[in-house]
Structure formats: structure tokens, C-alpha cells
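Asks: For reference, the chains in residue letters:
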Amino acid sequence: MRFLFKTDYEDDIKLFPHSGYVVSYGILLAFLLIAPFVLSSYLVSQLVFVCIYATVGVGLMILTGFTGQASLGHAAFLAIGAYTAAYLQQFNVPFPVYFLAGGLLTGVVGALVGFPALRLTGIYLVIATISFAFIVEEVLARWESVTHGNEGMRVKTLSLFGQAVPQNGPTFYYLCLAVLILTIVGTLNLLRSPTGRAFVAIRDSETAARSMGVNVSLYKVKSFAISAAITGLAGVLFAHKLSFISPEMFTLQLSIEFIIVILIGGAFSLHGAVLGAIFLVMIDPFLTYLKDDLPGIIAGIAATFGADSITAGKIHGNVAAIASANGLKGAIYGVIIVLFVLFEPLGLYGRWLKIKLFFQLFPLYKRATFKRQKIYVKSERNR
Amino acid sequence: MLDFVQQLVSGIALGCVYGLIALGFVLIYKATEVVNFAQGDLMMLGGFFAFTFIGMLGLNYWLGFAGAVIAMALFGMLAERVVVRPILGYPQFSIIMATIGLGYFLRSVVGMIWGTDDFKIETPFSDGVLRIGSLVLAYDKLSVIAATIILCALLYLFFNRTTLGTAMRASSENMLAAYYMGIPVKRVVSIVWAIAAAVATAAGVLLAPITFIHSNVGLVLGLKAFPAAVLGGFGSIPGAVVGGVLIGVIESMAGFYLPQGWKDVAPYIVLLVVLLLKPEGLFGVHMRKKV
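Keeping their order, the protein sequence lines are chains E and W. Numbered according to the working numbering, the first sequence spans residues 1 to 383. Numbered according to the working numbering, the second sequence spans residues 1 to 291.
Simulated from the structure, these hints should not be mistaken for lab results. One or more of the hints may lead you astray.
[What the hints assert, rightly or not] Now the stretches of chain E that chain W is said to cover, found in silico as 3 or more residues with beta-carbon under 8 Å: (1) 113 to 120; (2) 128 to 135; (3) 246 to 259; (4) 341 to 355; (5) 363 to 369.
In this text, a Cβ means the ideal position worked out from N, Cα and C, and glycines have one as well.
For reference, chain W alone in the conformation it holds in the complex (with noise of 0.2 Å):
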């Protein structure tokens, strides 16, 4: 019993890594109908803003972390400007591979700039454990829950509440009218670039003493991050969470009770059967298509 709570409880915190990245999916896909292959890429990049900060210019830690979140906010935008916004209004796939290009690009400069070796942050918390009773949890792993509970509690606020938030939704579901009424597009959809890309910095910087931070360390664990995200349904910040802490608890059961092997494969198998099922995630608005 014991194992199995102790399971569940690293699994949630896998799925709280997994879940930030996803975040990150999911706005740029709510507020733009656009998917960004190269998030995990801006997460890494964020990583290794902060460890340059932090690690080389020796700052301090929560100074060179909002300095990282800055800095990448503002690449965000540059991103955004220079790769996306020519395509607005192109079929999904073009936007999509674009991204794919992006991450390319940004994996291999990264690599050459700073190299291919594994870095790691020094944190405040980087080490130390919290006991509940013989329950054993790190409180690296704590702060990446916190942190995941409180980003998707601010998002979701966010985009529920605030006339910012709003026009974000309109211009997601009709960029033209959402101009006729005045909203200023381009201007939210640069926003959201950057509030993702912000977001993918703190997940990079919370994750570098979990899984350390190297030029693939993006594409590794978007790759898992996706299934998260998809399996929430893509467009729900709380889908996105529970997304993947549905994907870290599998993976964390497979990998105890399953034989070798399952561990990297169940999370998909998953994702499949409930695409199968519903194919527009759990809690994936559907709606019909008129002719």
C-alpha cells in the first residue's frame, strides 16, 4: 500500500512537470488555434537563459529566474513576429511544421552555443525532503506542484476574468471579427507568445535540478507534454494539468507494476484508447461544423 501511495505521489509530481510544459500548448493553442511544436524548445532555451544568468554570471537565484522569464518573454515575441504571424491565417499543418522548424533551429544553436553537456541550477530548494509519516517527497518536486497549482489557477483566472483573457478567446475563435471589434490581434496574439513563453522559462527553471537541462531536454519531454495536453483536450488550461498527471501516474504504475519497457509506452497506449474514445480529449469542447 505504502508503494502504491508513494507511486501515486511521484507520479503526480511527474504529472506536474509534464502538466507546466502542457500549459504552455495550451494557451498559444486557445488564444491562437496555432500548436507549438517548439515549446519544449522554449522551455529549454528558458533553461539555459537561467543557468547562464544564475549558474555563470552568478546572480541570484530568484534574480536570474525572473531575468530568464523576461528575457524569453520578450524571445517569445520575437518568435512570434518573425515565424508566426506571416502564417496567420494558413492551414494548421503550415504553422505546425514552422514550429518544428523553429525547435530545430533553437536545438542545435543552443547546442552550439553552450554545448552538449548536461547543467544543472544550484536552488534554494534543491535539497532537503518533506516526510509525511514514511511518505518521502523532495522538495524540488514540491515546488514544481506548487508552482503548476498556482500558474494554472493564475491562467485560468486569466483567461476567464480579465478583458485581456477575453479578447484572447474572441481572437482565437474568429481573428476577423474579434478586428472588427476592435481588438488589437496582432498585439494579443504577440502577448500570448510571450505569456508562453514565459511559462515554459518557469517550467525549465523549476525542472533543471528534476532532469537537469541540455539541448534535448525540450523535445524529450515535450513529446510528453503533448499527450498531456492532447488528453485534457487542447484548448482547457485545467485539461492540461489533470492531462498530465494522468500521464505521470500512468507512467509511474507502469514503470513499478508493469515489466520493463511498459513504462514509456503506456502513456500512449492510453492516449489512443481515449482518443478512440473521445476524440476530442476530456474536456475538449466539440463543436459541429456548418457546410
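Extracted from the complex, chain E is given alone in its bound form (with noise of 0.2 Å):
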């Protein structure tokens, strides 16, 4: 186990506390540079995905997991970042303008909704937020001459600096990536600041908060701005990327996905929201996977312990229907929120820490050492 000796403030924000830090993360980014040229170009792709969930999981971050204010709808803010770089588009602003203009857009608007959600704790600013999403995917859905309705906008191939980027290609698996680094960064800065502490404080008490001179109000709109300004960049990336934008990709439903990164990967570290993005692109691959090799395998193991071929053939037949059904995404969705929140509250990131610690200590590690507590006088009412 490693002893760090601090002398100073300073010591104590590094980024990097000791250099086996700056040896990981270079080696994972090293890992991330060549990835274009050595996996498949679908793995690439999914990669992408991972980019820019991750940086709508930093911004949900900042809001939910640093400040405390639970939304559940940051489907909105994405659609908002979406929509501005593919209306922009049509008038041949170049990229750097519409990026920057879809975040700033993004976070005036979420610095509007972060005025009336002062007010509001709890289960009501929840369905505050949702209202909100609900209003944005209607307004899209109607105002025909800027967002074509529900006919949906095409958004054009991503030219920069007058070469194309298309999609699928390298350079804008570069471009997503580039952005989500400068947004953790920025974000860890962030956090390291008198802001960022501000944040934190609101998160455990509000009411500590103010009676150390915190002004409340003013930090929490804030935070609405900032976390909704980065769902806005990581919504230009997304028309981009899909190429193609409707009102009906922006719903309750991926507001709900945003959640499950943060949730999944543990709202309590930036990590958490880079490993919740992982789990939640990669399930689609996982699954196909799923449909197509699970069957023989589970026949396989059936027939090596002595079922006869028919027996096997049947297994085959029954785990391929069960491995194929509709909306088997669903469930495994919903018991994997559950399961996550009965047995692994702290998400992915905890886990690892669970782990890292176990060994540092080994053989002192304690179970209790983060185990939460159950709080049973807890009246939210009395808030």
C-alpha cells in the first residue's frame, strides 16, 4: 500500500495524486488512440456511443450526483443540442460555431429550468423535470418551420476545417473522444474549484450549506446550466452521429437510459459515469451474442451431461425462443436497475473500489467499511 505524504494544499487537488495514475490513464488512453485499427468498425462504432453517453453521464453528474437534484429529463436538453446544430447546419455555420452555440443554448435553457426547480426537493422536481421533457419533445414535434415536426431533420455529414468527418469513420470516433476527455477534465477542475465544493455541500446539507454563506440558489442554477450545456455538446455530437433526428428519439425513455449510466456506473465519481456508459452501449452487443451463441452453448453443457440428442435439440429450441423474444431487452433492463440498487448501490465504480481496497488491505478488509446507513427517520415531507 502506498502512503502519500502531503505538504500542501496543493498535494491535496492534484489530479494525478502519484504517478501510477498518470501510468493507467496513459496506457488506457494509449489504448483508446489505437482502437480505431484494431477492433471492428461496429465495435467503433459502439465506442462512439460510449463517448457520448459518457458525456451526458458527466453532465446528469454534475447535476444529480455532485449537486443532489435528481432530472429526469436530460432527453431534452440532448434533443435541444441536437436540433440547434441541425438547424444551424442548413445556413452552412461551420462545426466550431454550432457546437459551441448548441451548448450555450443548451445551458441558457437549462439555467431557465433551473429557476422555477429552486423551489422544488425530491419526487417534485422529478416530475418537474419530466414535465419539462415532455413540453420540449411536444414544442419539436410542432414547430414545423424550424424542426420539421415529426417528419424529422436530416443532419448532413460533419465537415471541419473543410474536410469531411463522416460518421463512421475514425476521425469523428477522435472528435467524440476529444470532447469527452475535455469534459471530464474540465469537470474534475470544476469540481476542485470554490464552485465545485459549493456543489458538493448542497448535495449533503442544503441547509449547512447556506448557514456557511453557500448561496444556494444561485449554485444550483448553475449547475443546471453547466450539466444541461454539456448534454447540449454531447447533443450535436448525437445528430451527427445519427445522422438523422426526430422528435421520438428524445423521450422519457432515454432520459431514463442517462439515469441508468449514472446509476449503473455510480453516482459518486466521474468514473462512474464512463463505466454506467460502457455497461449501457455494450448490452446491445452482449445480447445479439445472447441470441446467437447462448443456445448452443447452454445445449452443449446440457448434452456433456448426459441429455440425449432430442433433449438437447429441445433445450436448443427453448433457450433460442426465450434468447429471441421481444422486448427481452426490457427485462434484463429492469432487473438489472433492481438488482444494482438492492446489491451494488455505489455501481460499478464502488465495486472496483471494493475490490482495489480489498487488496491494498488484504487480509484486513472489513465489509462494513461501506455499508450504508438506513436512515428510517426520514420524513422527506419535513424537508
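Please dock the two separately framed chains into a single complex, following the hints provided.
Replies: If you want it as C-alpha cells, here you go:
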């Protein structure tokens, strides 16, 4: 185990506490850079989605994970970013301009949502953000002069400094990766600044934060604006990746997916956003794999345990029927969410921390280290 | 004028539908401070149970209705035991996510078992209309209004007059203190889930002639009933019905008088405005937190 000797406040807020971090993140970065040349184009395309979802996850993490304001309306912010890109693109606005414009506009909308949200907590905030998302969805469907309504909008291929960047090529992947990394670094910097400290203080106790002199209203609005702006930036990339957008893509379902990203990843650290995004996006290839290979594997196992060929064939057929049933994805989603909430409330990153600590403290690891406290006097009505 | 009254009446009927589902939300919230996002899906599942009993097994309507209610009450207890009890006492957000997960699961399992078609239950009052002057009201809608009023009154009395109801309110406010006072908190929570699932089933069966039953009906109606519960102030039983009726009336008025597209958005706009002015809903109780 490594003991860090800190002599200065600067040591305490360093992005890389010691050289081990530089090495491991360096290796990760190197792998991500060579990924397009090693992996199949399908997997690279999935990686682009991972980057986009992770960017949204980082945005949502600032709001939900660090400021403690739940939101089920982030699909609407994504939609605003995506539509800004699609609309401005018609007038031959260059990419860097409409990319930033998308983020800026979404940030302004986020601040506007933040003001009414100031008075709401808990469940009322959730329903307010859902309502906001519904209204945005309906506006997108009805404001035909700008959004083309339910017909949707076609998004032209991205062109950067005169070069076409097709949405399936490696350049687009690098672009998304760069945006993700910049977002993460920016957010990390934000979180170690006074603003980030104020966010965390509000999450832990609004009353305590207020009495310490934190302007709760101001920081909540800031948090909404920053979170929305990041989501808007991701929206621009999302529009380009799909090359076609229509209102029914940005439903409550998508907002729930974003929440799943940070829930499964672990809603207390930025690592969680990335891990959650990987999990959510890679579930599709995994299900395809289930459909194709699982029946054979299970029938094979049955055969080795002495089942005759007819029984094995039956098992094969049954498993294949279950694996390819419609809506299996929903059931798996549901089970995964419930299992994570019940057994792994700190998410994938929490699991990683536990494993790491287990080996660091071996053989003195105690399970109770990560035990959450149950609070039975919780009445959120008395807040 | 007649148009207005007709819209008002059909709005109230629609609103009672929302109110009936919202009652389930409020019940669980009132007793355990848990928001059950799977309430609409419980309703959908109840509808499918009733369809199985009545439509597929050919039972008598009332017998099938009762069977579905009992089966769903048991299912409610099961869901509480498996999903909710282990996380009681954790932040509300975890429980919201768990019930969202439960909803996903129920929807897709129902889709796998019963398919994704629309189903209809034959009811004794599925056709025929009541005419008052030139006002027309279908019997199936009347049945929903009647059921909403009866259930609302029953539950209101239950919560305010019976020992079990008082125990539920006590355990919602402070589980630990309630436990020390000898209230079997676990059993109380379990019973409340059973009641909520039973109410949801009643809603699902009564709605079957109006909205049909399909695997997404719970999601669609639940998303309308949820604002109803919030509008009335989560935790108030009459509030749920009033909120439901308000949402229903606003929706049907907006559908009639405003251009197309407003119908779906108007309830949410009103909800946002109400939340701005009165963040705890119309009938909500707001108390100060002690630090």
C-alpha cells in the first residue's frame, strides 16, 4: 500500500495524486487511440456511443451526483443540442460555431429550468423535469418551420476545417473522444474549485451549506446550466452520429437511460459516468451474442451431462426462443436496475474501489467499510 | 354551452381515471414515503390478470374481478418483499430507481407472455349510455367515476379512522419510532403494497373497456396519473382525485378549444405553474426541517 505524504494544499487537489495514475491513464489513453485500428468498425461505432453517453453522464453527474438534484429530463437537453446543430447546419455555419452554440443555448435553457427548480426538492423536482421534457418533445414535434415536426431532420455529414468527417470513420471517433476527455478534465477542475465544493455542500445538506454562506440558489442554477450545456454538446455529436433526428428519439425512455448510466456506474465519481456508459451501450452487442451463441452453449452443456440429442435439441430450441423473445432487453434492463439498487448501490466504480481496497488491506478488509447507513427517520416531507 | 358541459363531463370522467391510478401512488407514498413508479404497470398487470380470468378462462365478470384483485394483492406483497423491503431506509432516489426497474421488468415480461396486442374485457356495462337532457355519458365512464368516489372515500376513512390506517401514517413519519411503539412496520408496509396493488387492479379492470389493455398502458396512463398525484399534493388522498380531475378537465378542454398539440402538453404546463406557486401541491403539507 502506498502512503501519500501531503505537505501542501496543492498536493491535496492534484488531478493525478501520484505517478501510478499517470501510467494507468496513459495506457488507457494509448489503447483508446489505437482502438479504431484494432477493433471492428461495429465496436468502434459503439465506442462513439459510449463517448456520447459518457459525456451526458458527466453532465448529469454534476447535477444529480454532485449537486443532488435529480433530473429525468436530460433527453430534452440532448434534443435541444441536437436540433440546434441540425438547424444551424442548414445555413452553412461551421462546426465549431454551432457546436458551441448548441452548448450555449442548452446551457441557457438549463438555467431557465433551474430557476423554477429552486423551490422543488425530491419527487417534485423529478416530476417537474419530466414535465419539462414532455413540453420540449411536443414543441419539437409542433414547431414545424424550424424542426420539421415529426418528419424529423436530416443531419449532413460533419465538416471540420473543410474536411468531411463521416460519422463512421476514425476521425469522428477521435472527435467524440476528445470532447469526452475535455469534458471530464473540465469537470474535474470545476469540482476542485469553490464552485464544485459548493455543489457538494448543497448535495450533503442544503441547510448547512446555506449557513456556511453558500448562495444555494445561485449554485443550483449554475449546476443546472453547466449540466445542460454539457448535455447539449453531447447532443450535437449525437445528431451527427445518427445523421437523422426526430422528436420521438428524445423521450422519457432516453432520460431514464441516462439515469441508468450514472446509477450503474456509481453516482459519486466521474469514473461512474464512463463505466455506466460502457455498460449501457455494450448491452446491445451482448444481447446479440446471447441470441446467437447461448442456445448452442447451453445445449452443449446439457449434452455433456448426458442429455440425448433430442432433449438437447429441445433445450436448444427453448433457450433460443427465450433469448430472441421480443422485449427481452426491457426485462434485462429492469432486472439489472433492481439488482444494482439492491446489491451494488455504489455502482460499478464502487465495486472497483471495493476490490482495490480488498487487495490493499489484505487480509484486513472489512465489508462494513462500504455499508450505507439506513435512516428510518427520513420523512422527506419535513425538509 | 352544451359543448362546454359535455367537455367538462368527459374531462371529469377522464380525470377520475387518472385519479384512480393516482390513488395508488398516494397510498404507497402516504404509508411509506416511497414513490412507486411501477404503479401504472401494476395496474396493467392487474388488467391482464383479469383478462386471463374473464376473457380466457371464461369466469363471471365479478368473480374474475375479485380473483384479479386478490392475485394482485399477493403480487404487491411479493414485489414489496423482494424489491422494496431491502432498501427501505435508503435515499428516496434508490427506491424510485428500483421501482422504475420493476416497471421495465413487468412491461417486458407481460409483453412476452400475453403478446403486444390490445385486449378487451367484456363488462356488464361496456355498452349503453346515460342521457340527461342532451348530455351523453357512457356507462363505462360512469362506473369509473363511481368507483373513484367510493374508493377515495373508503381509503380516506381507512387512513383517518382505523387503527391500521393510523399505524400506516405513523410508520411513514418515523419508522423507528413507530417500531418502538409496537407497530409491526414490516407488515404494515407489506399490507399497504397489497392495498395499492389491489386499487391499481380495480383501476385496470374498470379502464379496460375505455383504454383497452396492452403492455404499455400502465406507462402511458401512469405518466398522466403521476402529475395528478403531484398536483394534488403527494400524500393527500382527496388531493389525488382532485388533481386527477383537474388534469382530466384541462386535457379535454385543451383538446377542444386549443389548437392541436396542446392537449398533451397543457396538463404539464399547468403542473409546472402550480409547482412554481405552491411547491408542495394543492393539498400538500409542508413542514420545516429542523437542523
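Asks: Can you confirm whether chain W covers the segment 246 to 259 of chain E, using C-beta to C-beta distances below 8 Å and requiring at least three such residues?
Replies: holds (count 3)
Asks: Between the segment 363 to 369 of chain E and chain W, see if three or more residues pass the 8 Å beta-carbon test, and mark the coverage as holds or violated.
Replies: Answer violated; 0 residues pass the 8 Å Cβ test.
Asks: Verify this for me: three or more residues of the segment 341 to 355 of chain E with a beta carbon less than 8 Å from a beta carbon of chain W.
Replies: Answer holds; 3 residues pass the 8 Å Cβ test.
Asks: Confirm or reject the coverage of the segment 113 to 120 of chain E by chain W under the rule of 3 or more residues with a beta carbon closer than 8 Å to the chain's beta carbons.
Replies: holds (count 3)
Asks: At least three residues with a C-beta closer than 8 Å to a C-beta of chain W: is that true for the segment 128 to 135 of chain E?
Replies: The restraint on the segment 128 to 135 of chain E holds, since 6 of its residues have a Cβ under 8 Å from chain W and three suffice.
Hint violations for this structure: number 5 only, all remaining hints satisfied.
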